[in-house]
Amino acid sequence: MSAVAVGGIGVVSPAGWGLKALRETLASGAPGAVQKLARPGLEKPLDVRQVPAPAQRPACFQHPRLRRSSAITRFAVSAGLEALGKNEVARFGIVTCVMSGCVQYSRRFYHEVLDNPAAASPLLFPETVFNAPGSHLGSVLGNVSMNYTLVGDPGTFLQGLALGATWVAEGRIDGCLVVGAEEVDWVTSESFRMFDKDFLLAEGAGAIYLREPRQQSEVTLECVTDSHLYSGRSRLEGAKAMRAQLPAADLLVDGIQGMRRYDRAEIEAWRDWTGQRLSPKRLLGEGLMAASPWQCIAAIDALQQGRCSSALVSVVGCNQQAIGAQFVRA
Amino acid sequence: MAQNKAFVLFPVKKQSEARVVITGAGVVSALGIGWRANAEGFRTGRVAFGPVTLFDVSRQRAKTAAEVRLPESSSNGEDRASQLLMLATKEAWTQANWEPGNDLPLVLGTTSGGMSLGEAFYRQAITTPGKRRGQPTRVLHYQPQRQALELANAFGFSGPITIIANACASGANAVGHAFELVRSGQAQRVLTGGYDALSHLVFAGFDSLQALSTTQCRPFDAARDGLGLGEGAAMLCLESLAHAQQRGTTILGEIVGYGAASDPHHLTQPDPEGNAAYQAMSAACENARIRPEQIDYINAHGTGTSLNDSAEALAITRLLGNPPARVPVSSTKPSVGHLLGAAGAIEAVVSLMALREGWLPPTGTTRELDALCNFPVVRETTRAEPQCVLSNSFGFGGANAALVLRRYS
Numbered sequence: 001m002s003a004v005a006v007g008g009i010g011v012v013s014p015a016g017w018g019l020k021a022l023r024e025t026l027a028s029g030a031p032g033a034v035q036k037l038a039r040p041g042l043e044k045p046l047d048v049r050q051v052p053a054p055a056q057r058p059a060c061f062q063h064p065r066l067r068r069s070s071a072i073t074r075f076a077v078s079a080g081l082e083a084l085g086k087n088e089v090a091r092f093g094i095v096t097c098v099m100s101g102c103v104q105y106s107r108r109f110y111h112e113v114l115d116n117p118a119a120a121s122p123l124l125f126p127e128t129v130f131n132a133p134g135s136h137l138g139s140v141l142g143n144v145s146m147n148y149t150l151v152g153d154p155g156t157f158l159q160g161l162a163l164g165a166t167w168v169a170e171g172r173i174d175g176c177l178v179v180g181a182e183e184v185d186w187v188t189s190e191s192f193r194m195f196d197k198d199f200l201l202a203e204g205a206g207a208i209y210l211r212e213p214r215q216q217s218e219v220t221l222e223c224v225t226d227s228h229l230y231s232g233r234s235r236l237e238g239a240k241a242m243r244a245q246l247p248a249a250d251l252l253v254d255g256i257q258g259m260r261r262y263d264r265a266e267i268e269a270w271r272d273w274t275g276q277r278l279s280p281k282r283l284l285g286e287g288l289m290a291a292s293p294w295q296c297i298a299a300i301d302a303l304q305q306g307r308c309s310s311a312l313v314s315v316v317g318c319n320q321q322a323i324g325a326q327f328v329r330a
Numbered sequence: 001m002a003q004n005k006a007f008v009l010f011p012v013k014k015q016s017e018a019r020v021v022i023t024g025a026g027v028v029s030a031l032g033i034g035w036r037a038n039a040e041g042f043r044t045g046r047v048a049f050g051p052v053t054l055f056d057v058s059r060q061r062a063k064t065a066a067e068v069r070l071p072e073s074s075s076n077g078e079d080r081a082s083q084l085l086m087l088a089t090k091e092a093w094t095q096a097n098w099e100p101g102n103d104l105p106l107v108l109g110t111t112s113g114g115m116s117l118g119e120a121f122y123r124q125a126i127t128t129p130g131k132r133r134g135q136p137t138r139v140l141h142y143q144p145q146r147q148a149l150e151l152a153n154a155f156g157f158s159g160p161i162t163i164i165a166n167a168c169a170s171g172a173n174a175v176g177h178a179f180e181l182v183r184s185g186q187a188q189r190v191l192t193g194g195y196d197a198l199s200h201l202v203f204a205g206f207d208s209l210q211a212l213s214t215t216q217c218r219p220f221d222a223a224r225d226g227l228g229l230g231e232g233a234a235m236l237c238l239e240s241l242a243h244a245q246q247r248g249t250t251i252l253g254e255i256v257g258y259g260a261a262s263d264p265h266h267l268t269q270p271d272p273e274g275n276a277a278y279q280a281m282s283a284a285c286e287n288a289r290i291r292p293e294q295i296d297y298i299n300a301h302g303t304g305t306s307l308n309d310s311a312e313a314l315a316i317t318r319l320l321g322n323p324p325a326r327v328p329v330s331s332t333k334p335s336v337g338h339l340l341g342a343a344g345a346i347e348a349v350v351s352l353m354a355l356r357e358g359w360l361p362p363t364g365t366t367r368e369l370d371a372l373c374n375f376p377v378v379r380e381t382t383r384a385e386p387q388c389v390l391s392n393s394f395g396f397g398g399a400n401a402a403l404v405l406r407r408y409s
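From first to last, the protein sequence lines stand for chains A and B. Numbering follows this note's numbering, in which position 154 of the first sequence is assigned residue number 154; successive positions increment by one, without gaps. Numbering follows this note's numbering, in which position 172 of the second sequence is assigned residue number 172; successive positions increment by one, without gaps.
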């Protein structure tokens with residue numbers, strides 16, 4: 001098997017819960033609202049893009065494992081369940097990708113430790129672990145097979161896609177849910193602003209369910225490029241090497257977000273691109289590991305809607321790698 | 001540095017199955033730096049715990065941990081976790097006599113990355129808001145992918161970096177994933193392992209769960225009262241047998257099987273019957289094409305917590321059949337503590353030491369064996385000639401992994 005099919009997609013973003021909200025925001029081209037996040041100790045709040053409260057509390061939140069879970073877990077589970085939809089599989093795997101991970105509970109727990117370690121909450125600590133969202137998702141779905149959590153910069157989501165697709169292609173599992181998720185906190189927002197004051201941190205999740213192809217007209221993941229590391233070379237060189245590995249296509253979904261310095265490498269690498277183009281992060285913000293699945297989902301949705309027959313996703317990650325992927329619809 | 005070769009991460013070209021050998025191993029733990037110091041400590045079951053000096057534990061239940069004594073020369077401005085990682089890699093790399101290259105994947109397991117830097121960032125952010133001095137550096141170097149990139153830069157190689165954070169199974173998952181990359185022909189060689197440094201947040205976290213022993217870590221003891229935390233790193237140079245033979249290098253051992261399974265029971269507690277642990281061990285044996293009774297020694301996860309050890313004992317008993325095969329079992333955590341993201345990697349190295357040097361590492365602190373243990377627990381220095389070893393790692397979130405290593409012949 002040289003390609004795997006996209007069996008479903010799910011998304012939570014500052015545009016709202018579900019694919020419809022994302023689709024409408026991308027179609028409107030209007031940036032989402034910016035919220036003010038209090039920064040303890042300073043008067044000036046931080047600008048962020050958060051996920052709005054759901055219009056209706058998702059039924060899955062009643063699961064015992066989600067009672068005390070943090071925002072990132074709820075985003076990941078909601079996106080995962082939407083992507084899985086009505087697919088029924090006996091043997092499936094999960095790959096969850098995060099960069100900052102469970103930062104809200106980590107910050108709260110460490111604050112309690114500094115106050116009085118003897119009184120730090122045992123309920124918070126387990127939720128600080130990188131694999132908590134993936135574990136909760138696995139528990140909700142009753143997964144007993146492969147369940148990996150990968151950490152890295154946003155390009156890692158495409159590595160996760162390649163890993164899940166390889167497991168499916170090798171027949172080790174029947175399907176794989178690949179999820180990317182993040183949650184906003186003042187600690188991470190402030191951290192990123194140290195590198196560029198225009199960083200507008202966002203949160204949410206995206207999930208792609210991969211399985212064997214079943215019919216002709218499905219969207220398939222055709223390739224994931226090499227991981228072009230920024231070791232001994234610049235982001236621009238990495239971005240150019242990634243682009244050189246991708247074939248021609250109708251649509252490019254890039255990671256440009258409107259920050260001149262940060263976007264420079266990706267703009268330069270795709271300077272001569274003349275096809276259709278989408279830049280979800282311009283509207284949604286820098287969602288880190290949630291943003292690369294948003295890009296993939298925008299590409300897959302465009303293919304499923306018949307707006308193009310092949311789409312490229314370009315991820316020029318912040319501090320690890322440039323990596324790309326190609327999706328097609330026969 | 002040379003640029004990456006133009007290969008893709010997907011689709012992967014199907015290759016014939018390769019044998020996967022270990023040509024380099026590096027280890028840093030509270031027992032010391034390097035193979036020799038650690039082998040001698042593990043062989044004799046030396047306990048390397050002492051009072052915690054890295055942060056204040058005066059208001060916590062547990063007061064001890066297995067800290068590494070780092071040489072002052074190893075700092076180079078890096079945080080503690082990076083130093084551990086660099087030291088272990090240097091030993092493995094030198095032993096394997098590897099050359100830098102542009103096609104070398106790196107697969108690491110960690111739970112915390114540069115956590116102590118994250119802690120320092122937060123303390124400064126709340127005590128002196130607005131003061132930026134040192135903060136950008138802490139943000140960057142806190143992240144595991146940056147530590148991995150620095151490692152690649154230091155040794156002059158490039159290739160995909162995969163960081164698996166499956167809690168306490170991370171190291172075993174990393175070694176297992178690396179093994180799969182070589183066995184499937186996706187890579188000729190892979191640098192892999194795990195690392196974690198002690199940090200206040202994590203220590204306080206386990207203490208808050210009352211999972212830390214206030215006496216001494218005693219795996220499989222009827223009166224066990226918890227685990228002890230340690231820190232360290234272990235790295236392995238894996239390559240295909242053909243690649244190693246072509247280089248004419250010394251082969252230390254072979255990895256022949258890997259199994260992983262998920263336990264949806266609870267975030268921090270294993271299924272009481274040890275079902276996922278059993279599944280991971282069975283899968284590893286199947287993957288290695290061996291029957292469980294062909295295993296000569298099991299390096300247990302053996303944390304010393306009540307719930308882990310009883311679930312693992314039941315899983316091992318189930319694996320070994322009825323009547324159970326007399327396979328000796330021990331846990332090396334009383335010596336160096338639970339190394340979290342490095343645990344699976346260091347225990348793979350201990351298993352390799354047992355295969356190479358002909359001994360079984362004792363669990364010297366265990367006195368009265370739990371009645372659930374239907375297998376012999378090694379409690380004294382034991383000469384043996386194991387041919388095949390199983391190493392278990394289980395973690396929060398239901399991550400379960402097992403590796404099978406074999407003496408190379």
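Misleading hints may appear alongside valid ones.
[Stated by the list, open to error] From the derived model, a few chain B residues whose C-beta atoms are all more than 10 Å from chain A:
(1) Gly-32
(2) Glu-78
(3) Gly-130
(4) Asp-207
(5) Thr-214
[Said to hold, decoys possible] According to the in silico footprint, chain A covers these stretches of chain B (three or more CB under 8 Å from chain A):
(6) 114 to 127
(7) 133 to 147
[Said to hold, decoys possible] Think about it this way: if two alpha-carbon atoms lie no more than 27 Å apart in a straight line, the pair counts; the simulated DSSO-like pairs of lysine-lysine are:
(8) A:Lys-36 <-> B:Lys-13
(9) B:Lys-131 <-> A:Lys-44
(10) A:Lys-240 <-> B:Lys-131
(11) A:Lys-197 <-> B:Lys-131
These are calculated hints, taken from the structure and not from any lab test. Quick reminder that beta carbons are idealized off the backbone N, C-alpha and C, glycines included.
Each hint tested on the structure:
no. : hint                    : result
1   : Gly-32                  : holds (29 Å)
2   : Glu-78                  : holds (16 Å)
3   : Gly-130                 : violated (6 Å)
4   : Asp-207                 : violated (7 Å)
5   : Thr-214                 : holds (13 Å)
6   : 114 to 127              : holds (count 7)
7   : 133 to 147              : holds (count 8)
8   : A:Lys-36 <-> B:Lys-13   : violated (49 Å)
9   : B:Lys-131 <-> A:Lys-44  : holds (14 Å)
10  : A:Lys-240 <-> B:Lys-131 : violated (37 Å)
11  : A:Lys-197 <-> B:Lys-131 : holds (15 Å)
Violated hints for the displayed structure, listed by number in ascending order: 3, 4, 8, 10.
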